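Residue numbers (our numbering), protein chains in the order written: chain S, 29 to 333; chain X, 10 to 528; chain U, 168 to 518.
Treat the hints with caution; some may be incorrect.
Below are the PhoX-like pairs computed for lysine-lysine, each with C-alpha atoms no more than 25 Å apart in a straight line [claimed, not checked]:
| hint | chain 1 | residue 1 | chain 2 | residue 2 |
| --- | --- | --- | --- | --- |
| 1 | S | 115 | X | 396 |
| 2 | S | 191 | X | 137 |
| 3 | X | 396 | U | 386 |
| 4 | X | 294 | S | 189 |
| 5 | X | 402 | U | 386 |
| 6 | X | 294 | X | 249 |
| 7 | X | 348 | U | 412 |
Computed, partial: chain S to chain X, Cβ under 8 Å [unchecked claim]:
| hint | residue |
| --- | --- |
| 8 | 186 |
| 9 | 189 |
| 10 | 190 |
| 11 | 198 |
| 12 | 207 |
| 13 | 209 |
| 14 | 323 |
| 15 | 326 |
Footprint (simulated), chain S over chain U, 3 or more residues, beta carbon under 8 Å [what the hints assert, rightly or not]:
| hint | region |
| --- | --- |
| 16 | 334–342 |
| 17 | 453–459 |
| 18 | 491–504 |
Just so you know, these hints were derived from the structure itself, not from any lab. Fair warning: this is a prediction, and the values are worked out from it, not measured in the lab. Beta carbons are placed, not taken as given, at the ideal position from N, Cα and C, and that holds for glycine.
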Amino acid sequence: MTILSFLGILSSAIFSGTSLLYTALGEVIHERTGMVNLGLEGVLLVSAASGFAATVQTGNPYLGVLVAMIAGALVNLIFGFLVITRKANQLASGLALMFFSFGLSALIGNPYVGKSIHALPRFEFPGLSNLSTLYSSLFRFDLLIFLAIPAALLVWWLLYKTKWGLGARAVGENADITYASGRNPRLIQYQALFLGGMLAGLGAAHIAIAYAMNWTEYMTGGRGFIAVALVIFSRWHPLRAIVGALLFSASVAVQLVLQNSGINISPFLLECVPYIVTILVLIGWGGHRKQAAPASLGRVYQGSK
Amino acid sequence: MPKTSSHKKENTPLLSLDGITKSFPGVLANDSIHMDIYESEIHALLGENGAGKSTLVKILYGFYRADQGTIFLKGNAIQIKTPADARHTRIGLVFQDFSLIPAFTVAENIALFMANLSPVVNLPAIEKRIRETSDRYHLEVDPQKLVSQLSIGEQQKVEILKLLLSEARVLILDEPTRVLAPHEVNALFLTLKNLRQDGYAIVLITHKLHEVMNVADRVTVLRKGKVSGTLLRTQLSKEKLIRLMFAKSLGSSRQIAKKTPSSISPLLQLREIEIDGTDSGVSLKGINLEIYPGEIVGVAGVSGNGQKELGDVILGMERYAHGKKLLFGKDATRWSISKVRRSGVAFIPEYPLQMAVIGWLPVLHNMALTRTWLYSQWGGLRVDWKKMIHDTKSAFTRLGFEIPQLYVTVMSLSGGNLQRMTIARELLYNPRLIIASYLTRGLDVQSTLAAQQALRDARDEGGGILLISEDLEELFLLSDRLIVLMEGCIVGTFTPQQTNPIEIGHLMTGSKVPHGSIS
Amino acid sequence: MAPLAETTQKKKFIPPGIIQTLFHYLTMVVMSFLLFAFILLVIGKNPIQSYRGIFSSTLGSLYGLSELVVAMTPILLTGLAVAIPSRIMLINVGAEGQLYIGAAFATWGALNFSSLPAGLLIPLMMLLGILGGALWAFIPAYLKSIGLVNETITSLLMNSIAPKVIGFLVFGFWHSAMDTNKTARFVPAARLPTFFDTRVSLGVVFGLVLLIIFWLFMKTSRWGLEMKAIGGNPQASLRNGIPLKVYTIIVFCTGGAVAGLAGMVQASGYYGLMLTNFSIGWGFMGFLISWLVAGDPFGIILMSFIISLIFSGGNLLQITSGVPYSIINILLALTLFVVLAKPSIIRGKKS
């Protein structure tokens, strides 16, 4: 494999993996506070539609990104209302939210099908301008890509270095103990959904405004579910999610390269690999006494008597 | 750290509980309790299981709200509605089951409960503070270790450090020595004494007399929800305490006409059974026990000293590390629960609602659960309810119990009815070996007599019974042999004639080395 | 507490009022329809007209009704596929994947045994579908039974793998000469018979029959009793000698088998061929339905009906009044939200 093809894979993986990373970061925050959001796919769709619509209306892609972030947070709050306040089952609520979002996103986005936008501008990766255009063109990134890894670092810092993060992780482990420490687990979960929703919105914005640059129904292509798998694969750690996002998105690009080298593996099978690996990771980790998953993941906090 | 106080006792107690009353459906947990907690003092709260100790401290910590009564802080009435309020009042509680997060490090757990944690958490600084405090009070533990990797004793140290670093000045410890080895207990008491020196007010909940005698400056004894007495250190004596703890007049033991156990092979043999109790905290050590046909072996002990583990071993629930179990002469160490039961062993567990029945299924369905195959028709497609009804009725009438409504859910039964149902079910198939825990808990006089007679009948027909109970009178009444379980070991074996309730009470509360002989 | 009455007469054990339950379901549906009417107003459509359109097109004509039943068919089965494991507190989110694999197995049968008569081919395909679904469910089931991994996570992940396997098979081996993402049409012998001129296949009969069998089974059989025990109190059941591990695997795989059958039904009865991404979320919808009615078979029939009403009515509404299809999803979701937000309605059942 030549350097060029390797770099090509890398570039492709970065482009398609950015939205995955943002979404996964959002889900990491959710799951660290004990919530599984299967409706993430829907959150992405609504955010993408809103962001795209805003960009078309105003002509300003940055505004579109902002709108996508807000939309993501709002949709997540619906999930929060069902799961935190009404104490509904998380899985069912997530799926219901997904269906809702299919409809809402189409409603918002369909008037804009076929419209084109000013996409987020791309910039040279600093320091590469000396290389030939062949290489440097692979690494012309938009703002969101540049911010992706810093975002991961920020999430890591938030979860592991701040007082809020400590409390948030505690909720995901044991909400009763967190309550005993004088905190409000419900409020923390709402905050987590708000943050996570904004991050997912960023991911959606990248798909619609920076990458695909159009709107079609179901355009997120299952990224929401991939993100959930990615979170598990990264064992709920924001920094490991970076590697995971790259791996998950690289699979298709790898297939092309392999094909060029004469090895013909179906792209479908390659796409299975991340999931199979995730299951293996779970089995391997399940054998250890230390469970990597937040201990109260999926459990609905009932509150004290 | 609170200021080092003078050694003179303060006149106003730091915390005062007055007239605290709390009831739950069906039980009056606390009845007009009055208790004064002073600074620089270790105040022991003594009582049997179910006496109301845990409820009281949960009220103090804001988990429950008292129905009546007031809490005073230095003479001023205060309200404690949530744990946040309690922490604000600088009251700290170490639970019986620790409130530590296994996936967090020691430092993270402590930081979670710290009073003035900065928004950006500076873990190294916190770790430094932890080391300083732990050195001062001999609570050695590595702040960077994950709690899941700590031993129970170390976890307890973390719990105490947590309180200290959250600037609590009232430290409540709920049965702290339950899970400690003897040398760890000594270390703990040393720590407590140092803390007392530094002005902390310490409340120590326990059921062990020797601890009280060792360390307490003041003792409040609870019995069935009420304060039965408060003693100062100068007034303490074991006899006084036992009398305050155990209500019934412990008269002389009764002589019962009993059958001598036959010398045929035992129904149950436990040889050197050891269980590692890291989950529950109670390990069984070196258990050797035999039950012969035609005898009732009573197990005395305060609940939580290994009774559940013992029952679980016999049932087949426990994966034990060492030892051998023989049932009816065969090596049953690896038998499944189903096989154990089929061989003729019945279990009346301590908490039937959690351990024996399915709450929202009706009585009739629950009655069928231990032997579903007996009622299986058409290869399992149908259940012979007629037969089940018939068997159920005969089970109850045989015991002289009233037949309950068969189609109400078990959840809606009163405690007494539930207990009767469990007994009836377990005795239905004429088991050869019966393991009965707290048989007559919740039963009225008539049913109690009926249940006790049922046990005697089973024994007279050649059955063997292990009777686990806290009720010394019952044990003395029924047992042919009596053993005492304490911290996972059998600390004494007697026949009722050889001993008396006072001596057993001592052994149960860990205050005397036994000298009883084995019959 | 309640005094002991000497009751020996058998009181019929009815769950808290069938009438009451029906009333609750109806209340939920009415509430969501009202909410939806509000939304219709907001986007400028006449709600009364729209509703009239929905009801007349679905319930008013025989064809409309048949389309409703067609929509009901797969979710009856996937609802059951989730309900069965839920009785012992197992969460099967993997019906979607089990459906795909069941369809794949059945497709293999259709393509490779096309010369067999229908009387043999159809049952063969059914068996293959069942086998496929059960196999796909085995991995999550086994891992759960040995206490290693939570079945929710594994079945969810298996969901993502399944469509890709189908894609691989179809694109790689099975596709027709004309399209790369579909197989050729199945031979007539491989198609589930339909009723009269409608698209309603035999699959709906499977669904209804299996649901009733399930209901009877849980009510009268010995294993139903033990399953209810496990679902109610696993610890007590274990202590009473009920083998938890065995039940975990068998029950979960049975759920998978039913989902696999659903896959076969859709491939054979609905589409008549196999294509990539052929499920529009039937597996997930089944999960939702089952969870909302706490796994009650009759509730599943009722909820499937209601949801299919919304779906097919909405489809027709889209054609007649230009209401965008997306609205249907919203109405659907609103119904679900209303139910989710009031957990006290479905009480006394395990969840």
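For each hint, the structure was consulted:
1. 115(S) / 396(X): Cα-Cα ~43 Å, so violated.
2. 191(S) / 137(X): holds, 18 Å
3. 396(X) / 386(U): holds, 17 Å
4. 294(X) / 189(S): Violated. Residue 294(X) to residue 189(S) sits at ~44 Å, over the 25 Å cutoff.
5. 402(X) / 386(U): With Cα atoms ~22 Å apart, residue 402(X) and residue 386(U) stay inside 25 Å; holds.
6. 294(X) / 249(X): violated, 31 Å
7. 348(X) / 412(U): Within the cut-off at roughly 15 Å; holds.
8. 186: violated, 10 Å
9. 189: This interface hint holds because 6 Å falls under the 8 Å limit.
10. 190: This hint holds: residue 190(S) lies near chain X, its Cβ roughly 6 Å from the closest one there, short of 8 Å.
11. 198: For residue 198(S), the interface hint holds, since the closest Cβ of chain X sits about 5 Å away, which is under 8 Å.
12. 207: Where the cut-off is 8 Å and the nearest Cβ of chain X is about 7 Å from residue 207(S), the hint holds.
13. 209: holds, 5 Å
14. 323: This interface hint holds because 6 Å falls under the 8 Å limit.
15. 326: violated, 16 Å
16. 334–342: holds (count 4)
17. 453–459: holds (count 4)
18. 491–504: holds (count 13)
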